[in-house]
Every structure is written in structure tokens, then in C-alpha cells.
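K.L.:
Sequences are here, hints too, so could you generate the full structure?
Protein chains: 4
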Amino acid sequence: MLVVMENTATPEQIDRVVKVIEEMGYQARPMPGETRTTVGLVGNDGRVDGSRIEALAGVAEVIHVTKPYKQVSREWKQENTIVTIAPGVSFGGSEIVIIAGPCSVESEEQIVEAARAVRDAGATALRGGAFKPRSSPYSFQGLGKRGLELLAVARQETGLPIVTEALDDEGAHLVAEYADCIQIGARNMQNYSLLRTVGKMDKPVLLKRGMAATITDLLMSAEYILAEGNTQVILCERGIRSFDTMTRNLFDLTAIPLVQRLSHLPMIADPSHGTGLRDKVIPMARAAVAAGADGVLVEVHPNPERALSDGGQSLYPDQFARLVTELRAITAAIGRSVAPTPGTAAPARG
Amino acid sequence: MLVVMENTATPEQIDRVVKVIEEMGYQARPMPGETRTTVGLVGNDGRVDGSRIEALAGVAEVIHVTKPYKQVSREWKQENTIVTIAPGVSFGGSEIVIIAGPCSVESEEQIVEAARAVRDAGATALRGGAFKPRSSPYSFQGLGKRGLELLAVARQETGLPIVTEALDDEGAHLVAEYADCIQIGARNMQNYSLLRTVGKMDKPVLLKRGMAATITDLLMSAEYILAEGNTQVILCERGIRSFDTMTRNLFDLTAIPLVQRLSHLPMIADPSHGTGLRDKVIPMARAAVAAGADGVLVEVHPNPERALSDGGQSLYPDQFARLVTELRAITAAIGRSVAPTPGTAAPARG
Amino acid sequence: MLVVMENTATPEQIDRVVKVIEEMGYQARPMPGETRTTVGLVGNDGRVDGSRIEALAGVAEVIHVTKPYKQVSREWKQENTIVTIAPGVSFGGSEIVIIAGPCSVESEEQIVEAARAVRDAGATALRGGAFKPRSSPYSFQGLGKRGLELLAVARQETGLPIVTEALDDEGAHLVAEYADCIQIGARNMQNYSLLRTVGKMDKPVLLKRGMAATITDLLMSAEYILAEGNTQVILCERGIRSFDTMTRNLFDLTAIPLVQRLSHLPMIADPSHGTGLRDKVIPMARAAVAAGADGVLVEVHPNPERALSDGGQSLYPDQFARLVTELRAITAAIGRSVAPTPGTAAPARG
Amino acid sequence: MLVVMENTATPEQIDRVVKVIEEMGYQARPMPGETRTTVGLVGNDGRVDGSRIEALAGVAEVIHVTKPYKQVSREWKQENTIVTIAPGVSFGGSEIVIIAGPCSVESEEQIVEAARAVRDAGATALRGGAFKPRSSPYSFQGLGKRGLELLAVARQETGLPIVTEALDDEGAHLVAEYADCIQIGARNMQNYSLLRTVGKMDKPVLLKRGMAATITDLLMSAEYILAEGNTQVILCERGIRSFDTMTRNLFDLTAIPLVQRLSHLPMIADPSHGTGLRDKVIPMARAAVAAGADGVLVEVHPNPERALSDGGQSLYPDQFARLVTELRAITAAIGRSVAPTPGTAAPARG
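Those protein sequence lines, which keep their order, are chains A, B, C and D. All letters in the first sequence, in the order written, are residues 3 to 352 by my numbering. All letters in the second sequence, in the order written, are residues 3 to 352 by my numbering. All letters in the third sequence, in the order written, are residues 3 to 352 by my numbering. All letters in the fourth sequence, in the order written, are residues 3 to 352 by my numbering.
What the hints contain is simulated information worked out from the structure, not anything from laboratory work. Keep in mind the model is a prediction, meaning the values are calculated, not measured. Beta carbons: idealized from backbone N, C-alpha and C, even for Gly. No false leads were mixed into what you were given.
Computed list of lysine-lysine pairs in DSSO-like fashion (alpha-carbon distance at most 27 Å, straight line):
(1) A:LYS69 / C:LYS69
(2) A:LYS79 / A:LYS202
(3) A:LYS147 / B:LYS202
(4) B:LYS147 / A:LYS202
(5) D:LYS202 / C:LYS147
(6) D:LYS69 / D:LYS202
(7) B:LYS69 / D:LYS69
(8) C:LYS79 / C:LYS205
(9) C:LYS205 / C:LYS72
(10) B:LYS69 / B:LYS21
(11) A:LYS202 / A:LYS69
(12) B:LYS205 / B:LYS72
(13) B:LYS147 / B:LYS205
(14) D:LYS72 / D:LYS202
(15) B:LYS205 / B:LYS79
(16) C:LYS202 / D:LYS147
(17) C:LYS202 / C:LYS79
(18) A:LYS147 / A:LYS202
If the Cβ cut is set under 7 Å, some of the chain B residues that face chain D in the computed set are:
(19) VAL6
(20) ASN9
(21) MET33
(22) GLY35
(23) GLU36
(24) GLY42
(25) VAL44
(26) GLY45
(27) ILE65
(28) VAL67
(29) GLU77
(30) ARG243
(31) PHE245
(32) THR247
Computed spacing ranges between beta-carbons, pair by pair:
(33) A:GLU24 / C:ARG263: 26 to 32 Å
(34) A:ASP281 / D:SER141: 39 to 45 Å
(35) A:LYS79 / B:THR346: 55 to 61 Å
(36) D:ASP204 / B:PRO13: 41 to 47 Å
(37) C:ALA154 / B:ALA59: 55 to 61 Å
(38) C:ARG263 / A:ASP281: 46 to 52 Å
P.N.:
See the structure below:
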């Protein structure tokens, strides 16, 4: 940490900063400059609360040099973490994982049909919401526990492992019982209570970036999960808030190489929520993979015109099949490959 | 709702839109224009899910004309809702309420000293966190239930009603037991499960705007609480994310007159989190009141240099006393007044 | 400047950074920390280009401690700069200046009627566009030189000094000939060629903040003007881009105390463009003055329904008159006053 | 255009809106709904100024359905515009164009060395700044006309056509004389005077998106150029302002398919400014091409450690060579190809 003094700071004010740093148990190194003095804090273990020092007279600014996260950092663990949600379905290695399926589970027929369609097209895992975070209390909120049961039926029918969202503690325990990976959505990225709950579980977690979250915020939220002992965390870019309302969100693909350099955790991308527009999903899924994503999360519905939610951003099954073919070509171009559909000996060739 | 067709849309595609609208139980009115047709949906009760129509061929855009919220709207209820958190402490009338106190409850001595200081300076209510949402799992997380007990002691000593934050269901029940108003923080503004929980309680709720929340998002989150039956909701602007990191957040004061026109609920502002800088809190608290806020939420610490959190944005008690004097002059200038400190016959004069 | 090395940086990489800093003519002070070394650059005169050092191997980050602006800084000049645009009309002292008038000059009748209306209501100066920066090439672009002549007529009739915008070099020379203050609009805030042109003139400049400009960006643009010799610069907040489209812009009033602490230049605010909504202009003008603005810029039209541009955000003359009365009360509450209308012995009382 | 009335609007207020629309020369179609009336304006030719109607009593909102741009629209011209800057170097067809070179022209030796390096690696055109828009007036501002002469020397030596920026009218005429394509930078995207100047020229223009520009804003600025008669316009995404300062800008790749659907003009991307970080340039250049960009603009410097500007985001020549190889593989995966280096019979194979 570096404390920048005002150019009018008195020697007494500088001494006071030095003393407070020492009281906190660290070393202080004043560094007089041309126009102002800066005081370095040496020995920061990531627990220093800068606001105490910001409050001192004569302090212009406190600059954090040490990153606030620890266990998620690549400085803590050099090699990639591989997160395996089912036999043969792993994130963080050379294979990229394609998770596909409808926004919501609507009925047994719908989810089984969707699961078969995405499996036949080359998906590696199945998505589908049983608990839906809707901005209106009057919108369809998902089938709840019944939705989880139907997802289990779809897994039984297709062999695809299941990724689905939990909204609260009770839901998290239910999801853990039925699914292969618990999704924490963007709106709950800083629901620290829920993060602690899934941090205590022995189940992979897919953590989506919040709409106003910086990369550091995202990593700090993952840190909550790791701090409780669960290291099986997959991160996901899904678009952030920006000023142009032409798309639902601004899909920030640079987040992928940024996170991959700072952290050992796998990072995937969700072009369906990232753009909110069906005809943008395909080019942006390609772009995500070209940028180095360890997987993509894509909404596909057997009949988007009849979807109870997000119909406008869901792909038709045949569009999805073409996308998988393109993703195979792009992964090959950068020395990677698409993970095979579970139960198949090798990836089907498009 | 208005469905804008592409300029190349065929008559069949327009017919299909009309039919889907009718299937959904509404009337459709096609309106051919110079370059394109638009189709109006008549009879929208706020439950129409536009994504189903967005998914149809030939549709360029779906424009929502009806606001998605209902019970929070001024069209639903014309006159201001008055929220009373303790005898004589009401939000939404001509008096503005000053809620002040430290970021966190740290000890009995600290919170009682703070409560006395803010009461003597003219505060109307006491704030102080027992459950703290911290971005790092390694930072001070608040005293929990013990913090609530200490807040009750401070209320006993000073007569000030208490506003404090809950982070989850269990905490919400505890806060409801001890405090006069439950705060839902910015990070949980879209934690719908928690909103439903406090919506079922008979206790006023202070709902803070999330960092990426539009005004519509804020009102929709309040709608979750009202939809469960609790109409005692106070809204709060506390700064949103923007591109200039010189302040912690961007304090959006225009939100105050915007919300007051769209909704009957009271709207206050938090200049401490809104700016994150002690010397900006005073001018921005004045500005909030001049913009029409129904109250302000201000961090004051008896000894900011020793605060366990947010020291850099906490006022010294004497700064706060000067602020209250200025706020009295500004409220007078716009025909309002500062609510008196509970237990005093009339407001002390600065 | 502070160079943060990666935690894996080798001694050779640190030496290389030291050497490059010394080659650039500064002193280097390596400061080994717990997990990484940082190297301080001492003697920074504001001309150091960090990108050369960012390019070196082993460098994680370059942190700028010295502010990049000089002459606009309060460290360069401690006392407020007073900018006088006409006898008795000064920005930066205890009086606040009210500049009012229509978006565009449309005709002699319109501008003279508007000028009389705003003068009678208590305005101190007249605004009105002759050169209009319109987002569409097909929209009304202003009357050009003829507009300037009509503004001069209005000044003749009312005694109000004139503030009007220039869009390019040629226009700047024309505006300088006719008006009392040259406005540089938000879209041209980083048109450095135009900034240099007005920097060479002996005429006050009103520089508006760009829609994506940080406070530092705004001050750097002002620095361009001062660097050419013109120190008569007034800064203006007029709203920035944000994610909520409910208002045209996000009016960032915290910019006022921020700029006033960092710079000696006066800072005003434009609530008309800052909000884009007529009924929000009045509360936000009050808020701007309460936040400490040295003036406000308000659009007033004798007949907003017939305005050729910005009708929806223009005040009616009687609304403006009420606003001036409120601003007088608020300035009194904070120990300031509204500057009197030129030619009147003392401010007219509302 | 659609005028949404307040739910309390009177029949007289609705009549007034109808009358004003008719006075403006359009047809009005009132459409009574469940809770409010909306009035459609039929016959909008893109010149309707909504602000006049926003100003009327009882109007809640004015919604623009017709896009404000015309000649840039794909509705105006269905097929792609192909912009050719030199024989064999065309944007908008199936080939993607790689423009590479240093941020600034620094010396004859530097620019010729850079030009040879990027040509040998497979670039199709040369970039290099002679006029530099720097945020500080004290930074290196480019070599000006001498820089243009050196670019011409580099073209002579390598056969690569030249793209370089103009900052003002005078500079635009000079650039047009020496270069093959005039770049208008992000800061000048809404410098309408400069847009008109280049709109009158017979020279291709590369228009970069401004930091706060929506897609509509970008297209409107292009419309200024086309409205003057110059249809040879290439658009460029180069990152916008957002809240995370970890990267210099937020690189918005979804802009590419968005623009390509709305407009017939070619759209390229600049990952160097889009990210500002050397090790992010390569994955994001790949992502841009996978998203469908018609070209990329990449900063390459023979010796980034010695660059006078932007050293930290410039690629080393060998990194650039590897990037070109990867881009060839990705274009092949999506049925496109990298445009060959001028003067070579066929693209060199990596």
C-alpha cells in the first residue's frame, strides 16, 4: 500500500501516518519526492484496511498495490485449476465445454426435447433454470423443485450433466442434491451469505460476473467461496451494464484473458445474456472462444417462439448445430478442441 | 407494448405477430407507416413478456410503453406514502429525516458515544452496521447479533430509532426483532428471496439502489416487497458505478425527483457512500436536500481515525453539527424543515 | 510515478527499470516489499511518459502519483481565479452567476423576447446558440453569423453579456468578435486544435465536460487553454453518459466540489443538458448551487412548444422566475448570493 | 415516432398533440390503450424533432421508431459497400485487412523498419501517427507534416498503403495529400466541422467510435460524411469508457455484428486501443476477427521499449507475425481470408 501525502502535508502529519502504519503492525517507508512525500507500507498481507489511513490529516490518496484476493490468485497457485463437473466434463484444460439448453425448464417434454437436441448437436452439458431471478414479481419464476426433477430426467435420457441456478440457501441445498454444478447468477454475485453457503459444499460452482462488477470484484466474490474450502469454481462473463441500450448488456470479452492471467480458475462466457439478441449470439460465441474462453453457455430452445422466458435470445436447434461446427474449427485454429459429448467415444465431426 | 416490424417484413410476418398477441389474450392494432409497420398491443396489464414476440420473424424491436411496476407507481396511488419508523419519525411528508451514525457498531462505548454525538447535533435516527457486506472475506464482518444488542442499548440511551442492514433471511428476522427499520443494501437489491422475506414482515424497509440499477430496476425491487404486502418502503440513492474512479461511486441526485414523480414512496440519499470522500459529504448532503430528498443517511464516527471500516468517509461530530445547521437553512429555503430529534419538543436551533 | 514489479520479477528486470528511469533523467528508488518490489520515480515534473516503462519485462503496473495537469492545479495557484466576462459579471467569487436563454437563436423577435424575459426574472447573462452541434446533419444547425448579430442586438436591448458556442476555428474567431464568452461544448472538449485556438485569444472561455470525460480529462483539456496563455477559463458540468436512459445524461454534481478542490478555476453546472427534462431542471439547479457551483446555465424559451431545438428541456419564463427566487434563498443559506442583473444597482427581489 | 401520453392526459391535451403533428406536416394516429393513449406519427422522414412534442402538456414520453440515419443504413443500400484504399486493398468483402504499425512516426529509420517488419509478417496496410491527439499539451504531439513525408517514404519502400489521423481541417488537407486513408479519431467523432471537411474529399475515411458513443451516434457521425458526398467510409470499434479501469477501454466487440446488420459500411476493430495491454491484443484481435470484423488495426513497434507513445500496448514484430498466422487460421474457419500484402501474388503462408 502506498500513502500519497498532500504537497502541503507537514512533517508532523507524515510522522502520524508512519506511526499509524506501525501500530497496525507493518513497516512504513517514507519516500520524499519533488513535490510531495509518499509513504510505503511494507508487509501487507492483504488485510490492511486503507480507510483508517485515508482518514488521517494530510493524506491525499491511498493506493493499493497488493491485490486484495489471495487464494484465487495465480500468485497463490501457478497452474490452472481443472474443475470437473462429471466424468469427462472438465473446465480449465485444453478442451472447451459447451453448456446449452433453454432459459427455463417448462415441462418434461420441453426439457427432454431440448436436451436431446443440444446433445445431438454436440453440447457437453445441459443448462435450464428451475429457480428464475425475474425483475418482476409477476413474471414466471420457474418450476422450483419440480424443475430440478425434470432436469434429472433429462440427464437420465441424454447423459448430459446439469448446470442450474440457485437463488438462496434453501435452493442451493436442493440444487446441490439434483445438479452437477450450482450456478450463482449475476444478481447474487455479491450475496456473500449465499457464497459462503456454496463455499461449504462439495459441488462445483459456476459464478457469474455481476452487472457492475469489476474483475477484482468478481475475483473477490470467488475468494469468498474458496475461503470456505470449495476450490471447484468456474467464473463466467455474461455482460455488464453500459450506456448503449441496443444490446441487453455489454459483453466484455477482454475479461477472459484478464481473469486467466490473474487467476488459476477457469473462465467461460455466456453470449446469450451477454448480447440478448439471437443473431448476435453466434458471432459472439465464436469471439469468446477465439479470446480463449474455457467454455460457453448458450441458450437453445426447441421452439423459441413459445419460450416462457428469453425467447428472443434463444437459438433454434439447427442454428446451434452450425455454431458447434464453427467452434470446432476455431478451437482447432488455436490449438484447442471442443469437449466431446458425454457417452460418445470421440467428438462427432460436423 | 409496441412491436416495430422490419421494413422488409412480409404481410404474413405481420399477421403472425397479430395472431400471437391475440393468443396471449390482448388486442393487436397494426399501424402501417411510411417505411415500416408497427403493431400496438392494447390491454397490457404489465404481465406481457415481450421476449416471446421478439423471437418472431420480421420483428425489429419491441418497445415497452406500460411501466412494468404497479403498486409502487404513482398511477396506482396518487398521494405520498408516509413511512413512520418510530413515533414522530416519518419519511415522505414535509419534514426531512437525518439518519446518522458510524459505518459499523464496534463496541458499546463507541456506539453510545456516536449516538449521543449525533443526537446532540440534531440527528433524527441512528444508523450502524451489525452485519457488514464486505468485499473481502478477510475484512471485519460486523459484530452480528451482539451489534444489534448494542444498538438497542444506544437507542435506550438516546431515544433515537435504529436503522441497520440485514444480509440474509436469518439476519432479517434478527434485525426485525431489534431495530426500527431494516436496511437492504445495494449488493442485495436484486436478492429477490430476501426482498420477499422482508415483504412479509410488518417492519419498515430501507431499500438502497444497486450499483448498476436503473430507476426502473429500483422500483421493480420495491415492487417485490409491496407485492408481499409490506408497503412501508423507503428508497435510497447511494451512488452508482461510473467510469471516473476519483469518487467511490457516482452520486445520482437526479434519481430523487425522478423517483418522486414516478412513485409515491419516499426517497432519501446517502452522500457518504455516494461520494466516499469526507470533504464531499457536506456539499452533497446539502445538494440532496435541495434536490428534494426526504432524508439523508450520513456516516459519523466519534473518532474516524480509529474506525474499523469507512473511516475515510465518516464525518467528525463537529462537522456533522455544522451540516445539520446548513440543512435547516436549505430546507427553510424550499418550504420544508428538518424533523426534530425524538424526545425534543421542537428542533434545536443551530 | 511508482512502478510495481510482478512478484516473479528478476533482479535483472528491476535493474533494467532503474536504468531506464535514470536514462530518462530521474532518480529511481527500489522498495522491496513482502511479495514484490516497487520502484519509485523521484523528480517527476509531469512530463514522464509511463508507457515506455510499462513496456519493460517484469513490470506489472505503473501508478501515476503526480497529477498530469499543472497550471490548472490549486497546487500551482492557491487562490481562486476570478473570471470576469463583463463589468460586474464575475465567476469564482462569492456571487453565483445565472446564465439563461434559449437553446438556439431563432429570430430577432425570439432572442430579444427571451433576453428580456430572463433579465426581468433575474438572470445575469444570456445564452443562445448560433452554431449548433446536432447529432443529425439534417437537423437545424443554427443561424451562424446572423445568430451572432442577433445576440448582439439582444445584448444591446438588455445589457446582458453573451455566452455562445463555437464549433471550429473560423467560428471561434467570429464568436470572439461578437460575444463575451466563448463556449466549447462537450463534443469538442478534446478537440485540441480548437482548444489551442481559444487558448491564444484574449476572451473568457466556458469549457464543458465531455460525456465520457473524467475530472482529470476535463482539467487536462483546460490545461491546453492555459498552456497557450489564456487563463480566463470557466469549467462546466453538463452530465455524462451512464446506463440509465431515463434522463438524457447523468448529472454529476460531485464534480463541483471535486474540481473546486483540485483547481483554482470556477466551476458551474448546466442542469438543462444535465437532465434533459424540464421538470427536473428546477430541483437540480437548486442542488447544483447547494453543492457549491459558481453559476448555473439554464435553457429558457419564451415559447418552448415552438422551439427549434431542446424544447422539452427549456423552462417557461415564469418557471425560471420562481427558480431565481429559490436560488437566492439557497445562496443565502450557504453564505453566498446571486450576482445582480447588469445595470441594476442591487439584485431585484423575487 | 410514438407519443406516449400520461395516464391523466385530457382529451384536449391529446388533441393538441394531434394538431402539432399535423402542423408539422405528418399524419397523427391516436391509439387509446388500457391505461393511456399513444399517438403515432406517420410519415416520419427522419427529420422530425421530437423535442417540440416532448414540450407539450400531458406528454409522458416520445419514442423514436424510425432510425435517425439514412444513407448509412442497410435499408438505404442493401449490399455491402466495398471501400478500396489502394489497388487490392479493400474493406467490406470476404477478405479482412490487417493495418499495422507504430503509434507515432518518430524517425525515418523507425517508420521504415516498422513498415518492413509488418509487411514481412503479412500486414496489408501501414498505420502511424503524424498528428497525435494527446491528453497532455506537454506530451509529444507528433512530427506533423514531416511525419507524413516519412510515411510516404515508408510506402515507397514497402508498397503498403497508409492510414493516418487528421485532427483539424488544415491537417485533413495535408493527410489527404500524402496518405491513402484519413483517420478521424475517437475524440473527434463528433467534431462535425471536421466530418464535413472530409465528407467533401475524394479520399477514404476511417472513422473511429468515440468513447461515449452509442452505435447510433457512430452511424450518425458517418451520416455527416455521406451527406457531403463521400461514401468511402470505414467504421472502427476501439473501446469505450466503462467502470473497470483494469483495461484502458472496454472493447465492445458486439458492435461489429450490430453495425454490420444496421449499415452497409465496413467495420473493423482496434484491439490495441481497445485493451491498452500488449498481452491482451493478441486474443482480442482473434476475437474481433471471429466476431466478423472486416479488418484489424494493430500497433506494432520495432522496439516498444523506446516508443515515444503507447509502448505498453505495442506488439513486438515477432508477436505480430504469430498473430497473423492465427488470424489466417480463424478466417479460414469462418469462410474468409486475410487480404494479401500488396505486391505479393498470394498471401505468404505462416
